[in-house]
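In the order they appear, the protein sequences are chains E and R. All residue numbers for the first sequence refer to our numbering, where the first residue is 1 and numbers rise by one. All residue numbers for the second sequence refer to our numbering, where the first residue is 311 and numbers rise by one.
Treat the hints with caution; some may be incorrect.
Here chain E is said to cover these stretches of chain R; the calculated rule only asks that three of the stretch's residues, wherever they fall, bring their Cβ under 8 Å from a Cβ of chain E [said to hold, decoys possible]:
#1 451-462
#2 485-493
#3 551-563
Covered stretches of chain E, going by a simulated chain R footprint (3 or more residues, C-beta under 8 Å) [to be verified]:
#4 145-155
#5 165-178
#6 239-248
#7 273-282
What the hints contain is simulated information worked out from the structure, not anything from laboratory work. Owing to the predicted nature of the structure, the values given are computational and were not obtained by experimental measurement. Beta carbons are placed, not taken as given, at the ideal position from N, Cα and C, and that holds for glycine.
Number of protein chains: 2
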Amino acid sequence: MPTRIALALDLGGTKLDAALVDADGSVLTASRNRRATGRAATPADLDAAIEHTVAHALSHLPRDAEFAGVGIGSAGPIDLAAGAIHPVNMPGLHGYGLADAAHRSAARALRHDDFPTRLRHDDFPTRLRHDGGCLALAESWIGAAAGSRASLSIVVSTGVGGGIVVDGEPIGGASGNAGHLGQTVIGDLTLEEIASGPASVAWARSQGWNGETGEDIARDAASGDVVARAAIERSAATVGLGLANASTLLDLDVIAISGGFSRVAPDYVDLVSAALVRTAVLPYARATRVVRSALGDEGPLVGAAALVLR
Amino acid sequence: MPTRIALALDLGGTKLDAALVDADGSVLTASRNRRATGRAATPADLDAAIEHTVAHALSHLPRDAEFAGVGIGSAGPIDLAAGAIHPVNMPGLHGYGLADAAHRSAARALRHDDFPTRLRHDDFPTRLRHDGGCLALAESWIGAAAGSRASLSIVVSTGVGGGIVVDGEPIGGASGNAGHLGQTVIGDLTLEEIASGPASVAWARSQGWNGETGEDIARDAASGDVVARAAIERSAATVGLGLANASTLLDLDVIAISGGFSRVAPDYVDLVSAALVRTAVLPYARATRVVRSALGDEGPLVGAAALVLR
Numbered sequence: 001m002p003t004r005i006a007l008a009l010d011l012g013g014t015k016l017d018a019a020l021v022d023a024d025g026s027v028l029t030a031s032r033n034r035r036a037t038g039r040a041a042t043p044a045d046l047d048a049a050i051e052h053t054v055a056h057a058l059s060h061l062p063r064d065a066e067f068a069g070v071g072i073g074s075a076g077p078i079d080l081a082a083g084a085i086h087p088v089n090m091p092g093l094h095g096y097g098l099a100d101a102a103h104r105s106a107a108r109a110l111r112h113d114d115f116p117t118r119l120r121h122d123d124f125p126t127r128l129r130h131d132g133g134c135l136a137l138a139e140s141w142i143g144a145a146a147g148s149r150a151s152l153s154i155v156v157s158t159g160v161g162g163g164i165v166v167d168g169e170p171i172g173g174a175s176g177n178a179g180h181l182g183q184t185v186i187g188d189l190t191l192e193e194i195a196s197g198p199a200s201v202a203w204a205r206s207q208g209w210n211g212e213t214g215e216d217i218a219r220d221a222a223s224g225d226v227v228a229r230a231a232i233e234r235s236a237a238t239v240g241l242g243l244a245n246a247s248t249l250l251d252l253d254v255i256a257i258s259g260g261f262s263r264v265a266p267d268y269v270d271l272v273s274a275a276l277v278r279t280a281v282l283p284y285a286r287a288t289r290v291v292r293s294a295l296g297d298e299g300p301l302v303g304a305a306a307l308v309l310r
Numbered sequence: 311m312p313t314r315i316a317l318a319l320d321l322g323g324t325k326l327d328a329a330l331v332d333a334d335g336s337v338l339t340a341s342r343n344r345r346a347t348g349r350a351a352t353p354a355d356l357d358a359a360i361e362h363t364v365a366h367a368l369s370h371l372p373r374d375a376e377f378a379g380v381g382i383g384s385a386g387p388i389d390l391a392a393g394a395i396h397p398v399n400m401p402g403l404h405g406y407g408l409a410d411a412a413h414r415s416a417a418r419a420l421r422h423d424d425f426p427t428r429l430r431h432d433d434f435p436t437r438l439r440h441d442g443g444c445l446a447l448a449e450s451w452i453g454a455a456a457g458s459r460a461s462l463s464i465v466v467s468t469g470v471g472g473g474i475v476v477d478g479e480p481i482g483g484a485s486g487n488a489g490h491l492g493q494t495v496i497g498d499l500t501l502e503e504i505a506s507g508p509a510s511v512a513w514a515r516s517q518g519w520n521g522e523t524g525e526d527i528a529r530d531a532a533s534g535d536v537v538a539r540a541a542i543e544r545s546a547a548t549v550g551l552g553l554a555n556a557s558t559l560l561d562l563d564v565i566a567i568s569g570g571f572s573r574v575a576p577d578y579v580d581l582v583s584a585a586l587v588r589t590a591v592l593p594y595a596r597a598t599r600v601v602r603s604a605l606g607d608e609g610p611l612v613g614a615a616a617l618v619l620r
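Chain E on its own, in the form it takes in the complex (with noise of 0.2 Å):
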């Protein structure tokens, strides 16, 4: 039987990542690619970078595989019934036909005539979803929320951001983007304004602290800076907040937690918990179990290809 094996695409603030991968959840490295974007990108250079990223990865399809499609995850907000995105933190790209683009670039690459007859249409499925139902999907297949009934995935990096699948289907709402729990609201801030890293460098420096990034939260953090570990455990307290009430609104059994800014101490993780814990008044939500995220850094890739393996 042929590998089956999708072209898995993923849309950030920083940076286009492409990649193929397998039925098995399997990202196959040689065929990765990368382009940087950013918060000036225009149509102009993210065409550039999608033709450029996906003929990369697609040169590297088994002439064996059967090509079961393009899945995407973009930085949300996405249009899923226009295919189009809006990305928060791009404005030149609002309104962009993500999922037209890459289909027609993929079909374009797939024309060489280094593929086989069988493999040289565009007739395959291209599927767009906003990057945190993409880790979601990718937590709940192969990741800590497998087995999970409901369950919520997250990334506390930049942005906060997430996904929800339930019986292992993602959740995408009314218009594909469920999952925003960053832009929920705490008092006047929204959690992302609070608890992101950026967010934890400024009230730290705001605090009399003189470090500039996350990594040097951390540092300082692990020699025993008050200010700093404070800074962690405001943000540890803000998103355990926002996953009490979303636990609540939602009876989720697990919550996976991934990001850079979740790694900023040994026990981020367990401070999110008891946040959950001392917040959440029903007993459901209260026994949520939050934990770290099984994947790498290729969790969005990986369940923007689950978009179409699955």
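Please build the complex by placing chain R on the supplied structure of chain E, with the hints as guidance.
Below, chain R alone, put in the same frame as chain E:
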């Protein structure tokens, strides 16, 4: 073709309702029966109330009907796997096996030799959800959320509860309890502790108002009492904040509002909608339509029936 008919039960904090519901979602009025319950209810009380109301309702089952089974809505939380309930406001009933008790009473009633042999068996489905989940299913079936892709339906009354339906399917979560909006936390209190009818009365009294009920608030606000009006606006703003976060997390296209306190002022739903728009950050969440329930007080019974009719 014989009419398909379900037996529906709705257990609230003050009463148990039972009725037959047909495949169009119509409640057969003559079959409807109610027994009082209350905070002090014991398992023996509830056994007797179920036996009585179920026997009454089923005595009206047309002899040529197809019996679809028993659908049950209960004050939450529930334990879906065990078919048991743990209602916040009826501590004596924690762990009560409501699904089994209702199934046994229905089977017993159907053994009566008034019924044709065809109906005299216990091989019918019995399904339990919390009352908010049932209400949401009813709104999505024949109510204000019909045609919605992702809806949340809530009750603002003595308590605040709700349920979620995505693509026509009720979202239960890990243990069947998704939708408990009232127990999400805002500051030091739950949403229900701020925004319910009794909470609004208590707050108004703390501000010098002298009434005693939600009806008093409605009347005094209509006559221009500033504190009574402020109590209404405070409740609606709090509900709107909770719903902004729910819509951000779940990407809802419709939120349907019912319950006695939601009728405290003609513009209550508009106030909630305005608070949601003021609070939500992402465009898709701000676009959520907030509407008044199209169902009467029969919503939970209709939704309970939907558990086995649909």
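Each hint, compared with the structure:
1. A count of 3 residues in the stretch 451-462 of chain R with a Cβ less than 8 Å from any Cβ of chain E is obtained; the coverage claim is therefore met, three being the minimum.
2. For a cut-off of 8 Å, the count of residues in the stretch 485-493 of chain R with a CB near a CB of chain E stands at 8, and the three-residue condition holds.
3. By the rule of at least three residues with a Cβ nearer than 8 Å to a Cβ of chain E, the coverage given for the stretch 551-563 of chain R holds, with 10 such residues.
4. Only when three residues or more bring their CB closer than 8 Å to a CB of chain R does the claim for the stretch 145-155 of chain E stand; here the count is 3, and the claim holds.
5. Using a Cβ-Cβ cut-off of 8 Å, 9 residues of the stretch 165-178 of chain E lie near chain R, which meets the minimum of three, so the contact claim holds.
6. For the stretch 239-248 of chain E, the stated coverage by chain R is satisfied: 5 residues place a CB nearer than 8 Å to a CB of that chain, which reaches the threshold of 3.
7. Look at the stretch 273-282 of chain E against chain R: 4 of its residues bring a Cβ nearer than 8 Å to a Cβ of that chain, three or more, so the hint holds.
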